[in-house]
Amino acid sequence: MRKVFLLFTVLLSFGLLSACGSSEQFDLTEGNTLTVGLEAAYAPYNWMTQTQNAFTVPLNGQPGAYVDGYDVVVARRIAEELNLELVIKAIEWDGLIQALQANQIDLIIAGMSPTSERAKTVNFSNEYYRSEQVIVVQKTSSLVNATSLNDLSGKRAVAQLGTLQNDLIDQIPNVTKLTALESYGAITQALRSGQADLFIAELPVAQSITAANSDLTYVAFTGENGFEVAEEDVTTAVALRKRDTDLLEAINTVLAGISVETRNGWMTAALERQN
Amino acid sequence: MNDLLMSLPDQGEFFKTLIYLFVTYYKVILFGLGITVLLSVVGTVGGFFLAIGLTGFRTLEVDKKRDTLVIKILKVIGQKFAVLYVTVFRGTPMIVQAMIIFYGVAQANLFSWWSPLPAGLIIVTLNTTAYISEVLRGGLESLDVGQMEAARSVGMTKSQAMRHVMWPQAIKNALPGIGNEFVVNLKDTAVLSVISVVDLFYAVRQSASESYRFLEAFMIAAIMYLILTYLSSKLINYLSRRMSQTGEANL
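Residue numbers (the working numbering), protein chains in the order written: chain Y, 1329 to 1603; chain X, 3 to 253.
Since the hints were derived computationally from the structure, they do not count as laboratory data. No residue lacks a Cβ here, since even glycine has one placed at the ideal position from N, Cα and C. Keep in mind that the hints are not guaranteed to be accurate.
[Stated by the list, open to error] What follows is a list of derived Cβ distance ranges for each label pair:
| # | chain 1 | residue 1 | chain 2 | residue 2 | range |
| --- | --- | --- | --- | --- | --- |
| 1 | Y | Asp1355 | X | Gly140 | 52 to 60 Å |
| 2 | Y | Lys1448 | X | Val186 | 33 to 41 Å |
| 3 | Y | Asp1495 | X | Glu63 | 53 to 61 Å |
| 4 | Y | Glu1556 | X | Val186 | 31 to 39 Å |
| 5 | Y | Asp1495 | X | Ile102 | 24 to 32 Å |
| 6 | X | Asp12 | Y | Asp1479 | 25 to 33 Å |
| 7 | Y | Lys1505 | X | Gln13 | 56 to 64 Å |
| 8 | X | Leu10 | Y | Asn1502 | 15 to 23 Å |
| 9 | Y | Asn1381 | X | Ile102 | 38 to 46 Å |
| 10 | Y | Asn1502 | X | Arg92 | 40 to 48 Å |
| 11 | Y | Gly1482 | X | Tyr240 | 55 to 63 Å |
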């Protein structure tokens, strides 16, 4: 009993300590460091590469490793326009928001959707990409001809843990929802090995996965035949700490200067670089 | 061979993909391998020294006649702390310890240098301390009571007897266990990728992030872990054989 009490005291002191963290806003002075967190494992938004080119940024603390992708292009544009020094850290998906709260990073630019759940903890900028939800299937599967969610009835579907796609599975009638996996690599493997019949992904992710795996293809649905999604779920946005309101405003100004055509061009270019 | 290096092999070309991934990402993978070895070496060596202290606390004996009240209280606190430490660190998974320690300290803004790698080194050291402490305690308790009695009978004080007679033998007995702990660390530090330590596991996961060929990538990880653990086991066996030989010669 006393041990349990002691353990509680230890945990409680952690809680108290965390309450007295810094409360100053991010300092936008020119030349300051802007640290961005992303997975470096979510192509085409962000992926790790050993090749240095005009688009890549070195990964902090990992000599020889660079990160490329749509998110990196956006991060570079933001840092450039705000005259800040860009540093990019690779952080596990589940740890991104925690790392932001813990001041390990200043921004999350990781293909993250601004859900209302997440918005309770962090602030989101305006969208920097808007995507479509599609399903990825084996080329030999009958699902290739599916035109509505009803055609997916009774199939086995899988998605990434803690993502919108995992919630969307429930909209498929009589679906067998498989245990969510931790990365798209594992999900792709599950589909290719026949453990799953389909998975749901954003269009650019589906495009990049099907481009790298010739035995897979994706199916898009039109209008009401597809998944019902909230506005906040099909867009990606930059996540910031609640207190960094000046930085939020500055980022929204930068994003407002990027047209939809430019965005789509960046995404297509990212997909081409990846393959 | 050159074609192999240029572009991603087709689906189903398992071994070609394996070689392609390694050749394309060798810098990142070997750096990750280095981090895994660093974590295991620092964790095991650091854990060993801390464990000597912790076991010292744990094996404190209150001398009812000679100890003053303050000494008695300090000894009891030390003992209880050591027991609690071992209970907590052996009773919770390292992945949980990593999350609590890394994000707890980061959120509290305690140290400006706090980042995944130093945090990982500290976490694996703290964790290993608990395990090696148990190994050392076993080493001490396995010694014959006669050892202590003999040392005392030639005029050594209790602490002299511990330092010159008991501990050297206990450590020697514990060496295979400590070596085993090193091998365990080589594998178990993979969980530290959860706090974004870029060890072998994380590096390999990243190197599949462009092509999504995870099966091949993790096969590379498996091979590298196997090489590491196989070589370390051989080295540890060799060292402990040598130790036992010199030990006998001294007798």
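*Just pull the numbers of the violated hints for me, sorted ascending.*
The structure conflicts with hints 4, 7, 8, although it agrees with all the remaining ones.
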